[in-house]
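Full structure from sequences and hints, please.
Each chain is listed here by its residues.
Number of protein chains: 4
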Amino acid sequence: MIKVAVNGFGTIGKRVADAVSAQTDMEIVGVSKTRPSHEAMIAQKRGYPLYIADISKKDQFENAGMKVAGSVEEMIQAADIIVDATPGGVGAGNRAMYEKFGKMAIWQGGEDHSVAGFSFNSSCNFADARGRQFARVVSCNTTGLCRIIKLADEAYGVKKVRATMIRRGADPGDAKRGPVDAIVLNPVTIPSHHGPDVQTVLPDIDIVTMAMIVPTTFMHMHVVQMDLANAGDKDKILRLIADNPRIGLVKGYTGIKSTAELKEYASDLGRPRSDLWESCVFEDSLSIVDGKELYLFQAIHQEADVVVENVDCIRAMTGSAATAGESVAMTNRALGFETI
Amino acid sequence: MIKVAVNGFGTIGKRVADAVSAQTDMEIVGVSKTRPSHEAMIAQKRGYPLYIADISKKDQFENAGMKVAGSVEEMIQAADIIVDATPGGVGAGNRAMYEKFGKMAIWQGGEDHSVAGFSFNSSCNFADARGRQFARVVSCNTTGLCRIIKLADEAYGVKKVRATMIRRGADPGDAKRGPVDAIVLNPVTIPSHHGPDVQTVLPDIDIVTMAMIVPTTFMHMHVVQMDLANAGDKDKILRLIADNPRIGLVKGYTGIKSTAELKEYASDLGRPRSDLWESCVFEDSLSIVDGKELYLFQAIHQEADVVVENVDCIRAMTGSAATAGESVAMTNRALGFETI
Amino acid sequence: MIKVAVNGFGTIGKRVADAVSAQTDMEIVGVSKTRPSHEAMIAQKRGYPLYIADISKKDQFENAGMKVAGSVEEMIQAADIIVDATPGGVGAGNRAMYEKFGKMAIWQGGEDHSVAGFSFNSSCNFADARGRQFARVVSCNTTGLCRIIKLADEAYGVKKVRATMIRRGADPGDAKRGPVDAIVLNPVTIPSHHGPDVQTVLPDIDIVTMAMIVPTTFMHMHVVQMDLANAGDKDKILRLIADNPRIGLVKGYTGIKSTAELKEYASDLGRPRSDLWESCVFEDSLSIVDGKELYLFQAIHQEADVVVENVDCIRAMTGSAATAGESVAMTNRALGFETI
Amino acid sequence: MIKVAVNGFGTIGKRVADAVSAQTDMEIVGVSKTRPSHEAMIAQKRGYPLYIADISKKDQFENAGMKVAGSVEEMIQAADIIVDATPGGVGAGNRAMYEKFGKMAIWQGGEDHSVAGFSFNSSCNFADARGRQFARVVSCNTTGLCRIIKLADEAYGVKKVRATMIRRGADPGDAKRGPVDAIVLNPVTIPSHHGPDVQTVLPDIDIVTMAMIVPTTFMHMHVVQMDLANAGDKDKILRLIADNPRIGLVKGYTGIKSTAELKEYASDLGRPRSDLWESCVFEDSLSIVDGKELYLFQAIHQEADVVVENVDCIRAMTGSAATAGESVAMTNRALGFETI
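Chains as they are written, first to last, in our numbering: chain H, 108 to 447; chain S, 108 to 447; chain W, 108 to 447; chain X, 108 to 447.
Don't read these hints as lab results, they were simulated from the structure.
Just so you know, not all the hints are guaranteed correct.
Any copy will do: because identical chains look the same in the list, a pair fits if it lies in one copy or spans two.
Claimed, not checked - Below, simulated DMTMM-like cross-link-like pairs (lysine to aspartate or glutamate); rule was C-alpha separation at most 25 Å, straight line: (1) Lys399 with Glu261; (2) Lys152 with Glu169; (3) Lys283 with Asp391; (4) Lys165 with Glu180; (5) Lys210 with Asp235; (6) Lys267 with Asp313; (7) Lys399 with Asp350; (8) Lys152 with Asp350; (9) Lys283 with Glu390; (10) Lys165 with Glu390; (11) Lys267 with Asp340; (12) Lys164 with Glu390; (13) Lys358 with Glu169; (14) Lys399 with Asp340; (15) Lys343 with Glu433; (16) Lys267 with Asp397; (17) Lys267 with Asp334; (18) Lys399 with Asp260; (19) Lys152 with Asp187; (20) Lys399 with Asp334; (21) Lys341 with Asp313; (22) Lys164 with Asp391; (23) Lys110 with Glu206; (24) Lys165 with Glu181; (25) Lys207 with Glu180; (26) Lys110 with Glu181; (27) Lys174 with Asp391; (28) Lys174 with Glu445; (29) Lys358 with Asp166.
These figures come from a predicted structure and were not determined experimentally.
See below:
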């Protein structure tokens with residue numbers, strides 16, 4: 108059993124902890140929190156040992172009825188590998204601690220590629236993670252782009268990608284961030300940094316990205332256009348997507364045309380936290396123009412798609428699964444991840 | 108086993124079907140749908156026999172891979188009791204059909220009191236439902252008001268209620284309704300119709316209500332002020348709420364101050380569809396001014412709080428439980444309804 | 108003086124009436140409304156004779172203190188030309204009336220090209236409108252696309268256009284339409300109908316468009332990518348935009364990065380109704396990749412950009428100005444349309 | 108001519124500057140800004156001398172084409188009185204500077220009462236401002252409450268006020284603040300601090316307030332309930348409101364039922380920046396229950412209602428008008444403030 112600690116039990120961390128906990132070859136030895144909150148209560152209810160960043164706040168936790176297992180440093184020592192899910196920009200500062208105790212660590216996409224020197228995506232570079240001490244699972248948007256680009260590239264060759272990301276302003280549980288009523292160019296410059304981020308995983312892909320933020324909470328939406336090297340076949344691509352364990356096909360007959368309806372469907376399916384771990388390509392949007400231009404819309408659940416990548420990354424680094432296919436199958440099976 | 112049909116498998120109907128299905132003394136014999144959709148697919152996945160309003164559309168369903176059990180009339184005949192969860196205003200037209208086949212039926216709060224001549228709330232008038240052919244479960248907002256007013260009235264006597272309802276504009280899965288950026292007085296006149304609707308359940312309560320709609324999807328928020336007949340004790344009321352099986356207390360130490368955080372917490376708890384069947388009173392808001400004026404904020408999950416009331420109403424009408432307390436305990440236990 | 112009637116005094120109609128009224132060569136002889144409302148009150152305050160669709164409702168208007176000049180048919184007879192700004196789909200039904208009285212008419216983009224057989228944009232086909240009885244001013248989105256495509260095509264030749272439109276869900280004054288929290292693919296299919304609509308004005312342009320709706324009210328946002336025939340020069344294009352009387356350049360040093368800030372700026376400028384009649388290209392977004400791929404973001408004020416096109420179209424059809432340049436200058440000058 | 112400086116040319120400051128500039132007895136001698144932005148450009152266009160907080164940034168402004176008149180300290184010296192419209196909490200720190208130069212100053216409601224020791228509202232305590240060096244114009248919400256409470260108190264005596272404020276999350280031009288999809292209790296405790304803030308102006312009023320934030324930008328909405336000392340007459344109160352120069356009556360026949368429609372109406376009226384300087388009481392909401400309980404909805408434009416109060420406060424402190432009535436009439440007339 109691989110002993111996993113989750114440093115930062117927030118939007119991503121709590122999901123990674125639950126996903127790890129559901130696997131047969133790994134277990135949670137601790138999660139960390141900076142202050143008592145409803146998320147700390149959830150850690151207690153799940154039975155995850157709760158470690159805290161500032162041990163002087165132990166009383167605050169205990170007064171709220173929460174048992175403290177120790178400090179974050181103690182948690183690190185108890186683990187084989189740490190999933191660092193602290194807020195973007197904070198994680199880099201933890202590297203010295205992981206090095207000090209000689210532990211493996213995985214960062215999230217909010218950190219720069221340089222924090223680990225290796226950026227991971229199950230579908231693209233699983234084997235390259237083997238034996239590394241450090242890795243970074245790319246962001247939700249980059250993950251979604253990598254999956255579909257890899258699929259198209261293997262089938263037809265991809266000469267150029269142009270992608271626009273229409274991003275959610277805040278997560279559903281976030282009552283502070285906006286915008287309330289605006290479309291925000293983020294960044295206002297073209298191209299955005301997302302293209303180079305895809306290239307940390309797929310260095311040979313020529314890609315131009317653009318991004319904006321809109322007042323919604325449920326999912327991001329991607330407009331993806333790819334120039335293919337060879338003429339593509341729509342039905343074949345739809346089959347490849349349907350067969351891909353990390354890309355779902357939103358069927359036309361469901362009548363689903365929005366992120367709201369898609370999340371409702373995930374909720375109806377009984378998915379934990381209504382999570383969509385797969386990229387969701389809209390069947391009716393997929394189109395090939397002039398033989399070699401592929402267009403599609405895909406929705407990305409920002410809270411969920413990287414969760415399964417973290418589980419795979421643990422296996423890739425520790426050698427607990429031999430291939431991406433094997434790990435992905437194990438991860439999905441443990442989560443009861445059925446097709447949407 | 109009480110044979111239950113759910114006429115209208117939408118936002119409320121699908122939840123009632125799942126809640127009925129979880130009980131030990133009742134079962135789903137059928138649900139109805141007007142056209143193939145992602146919700147019809149969910150009915151299939153759950154194994155609920157799928158009946159359709161217009162049998163001439165059978166082909167449409169079958170082409171989408173859904174098996175049709177028959178017409179709605181056939182479903183009615185197979186049931187002991189029908190939960191009518193068709194859209195507001197549609198249900199009244201179904202009464203003749205239920206009468207024709209001599210079946211019991213329960214409508215939702217979108218219909219007028221007169222459709223059934225009896226309006227139900229588990230906490231207030233369970234015993235009065237016994238032996239009736241028809242009943243109406245009051246709306247989500249009225250249900251929430253009835254629960255807290257009844258609690259306060261039993262403890263201290265309620266002389267007057269003033270309540271403002273800040274309502275969500277659309278359900279989370281609804282991608283059409285607004286508003287996008289407005290506070291809408293609905294109605295612009297004061298008092299609103301919600302007070303008289305409370306009086307269909309609690310006829311002796313003096314109540315003035317006001318209502319508006321805001322651009323959010325997760326929950327309604329109520330500002331409730333009650334003039335008490337006798338001086339109230341804050342700690343006692345908090346205990347009564349904590350002990351009430353249908354009212355939850357959002358504890359101050361959770362840090363939850365918004366509907367978004369509250370729904371996130373329900374999601375983290377693993378509640379199906381993140382549902383909050385209980386009214387959610389904010390502990391830190393509850394206040395007694397000048398000894399006899401009680402104030403509080405409560406959040407109401409518009410998709411969920413009436414679901415458990417429908418289950419209780421089935422028992423109340425059929426005599427399957429002797430008391431409200433017994434039925435509520437059965438309903439809650441079957442759902443694994445733990446305290447928030 | 109060209110006598111202009113505005114049939115439908117709503118979001119577009121009231122703006123066209125004010126813009127026409129500001130010109131020196133045309134005047135408003137009447138506007139129409141179906142029921143008394145705050146917009147009808149505005150017509151009264153402006154001194155526009157108020158005609159009503161259903162003369163039997165005359166009492167309703169008079170009881171609200173509004174003077175009724177007559178029926179819509181009487182208004183048509185009093186005019187030389189009618190701007191039909193009735194809701195999308197309604198206008199087509201008015202064609203017979205305009206024909207009956209032998210009047211010229213202009214429809215909006217909510218109607219099909221076939222209603223007039225000629226679709227108009229000042230920058231593209233002013234001269235072709237001369238002498239026509241009927242014309243259609245294309246929609247706000249199509250207008251915005253036509254302006255920038257024409258500019259690029261004249262400068263470098265446009266081989267292909269790929270454009271994504273992120274559309275506002277409702278106008279600021281609309282308290283009913285949604286969505287509240289969703290990204291809605293509208294349509295879910297690719298390409299959308301907007302490309303062919305551009306081709307009603309610019310038939311030789313190869314264009315693929317995609318569209319979605321988001322929960323905001325202020326403006327649409329376009330992501331435009333054009334394959335140029337000849338290598339483009341960024342500075343030259345920026346100069347062309349700055350010099351174009353119908354395209355504005357949102358300067359980088361203003362710090363404006365969103366539709367909300369842009370509308371605030373228009374409001375601060377003292378523009379009537381904060382209207383942005385120009386397409387608004389973000390200076391910092393304009394980028395040329397690989398020499399021949401032009402990218403940019405432009406924001407489109409859905410309530411305003413077609414208003415000035417209607418004024419120009421009146422002149423184009425009636426021959427009141429000899430060239431597009433002359434008409435555009437007259438229109439802009441009359442509105443005090445200074446550079447953003 | 109009273110020489111007025113506006114320290115902080117943002118949402119409130121830019122409006123105060125324009126309103127002061129429109130008066131016949133006062134003039135703008137300078138406005139301040141911390142960095143070049145679209146608002147600084149507006150100051151230039153208006154011809155307001157532009158002073159900057161950090162004179163070392165002079166180059167930044169000049170490079171963006173903006174002329175810098177000097178430092179904020181120089182601006183203070185050039186003025187008779189300063190309207191401090193810096194962000195909430197910043198203004199208090201400027202008091203020493205105003206004292207150093209012996210200047211009069213007015214703060215906004217984002218500062219505590221103690222910053223000035225006197226809180227102002229034109230309708231309530233104009234005369235008490237005479238001769239003071241410092242005053243604070245209360246917040247937009249407190250201003251709106253004071254106006255209507257004063258009106259009711261003078262007519263019938265007010266024994267108790269219960270008011271709920273449903274507040275906008277962000278201003279229309281603010282693309283950062285949220286929430287996107289939540290009702291946020293702010294504060295979660297009852298009563299909120301707004302009641303005591305009303306008492307800084309009207310110390311004898313018994314008032315309980317509650318407040319929340321919702322995802323909208325246009326206006327706040329107040330639910331006001333007052334227990335009257337003497338039986339009230341609805342028609343008389345409506346007349347008093349119609350006659351009050353700072354409270355507007357939203358007539359039923361306009362069909363306006365939301366903040367969105369109300370702002371649209373202000374926009375159609377040609378109000379600068381669509382500003383509503385008056386509190387907006389909805390005629391159809393005003394209701395008297397049991398003879399002595401007054402209920403009403405009023406909408407408050409958070410960006411505008413305090414603007415005219417600042418102008419009056421300048422006159423009250425400097426003695427430029429003898430009475431509130433005289434000043435209010437001057438202010439309104441200069442703005443062309445006609446009845447909504």
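Exercise for review: Determine which of the earlier numbered hints do not hold for this structure and return their numbers in increasing order.
Suggested key: Of the numbered hints given earlier, the structure breaks none, since each of them holds.
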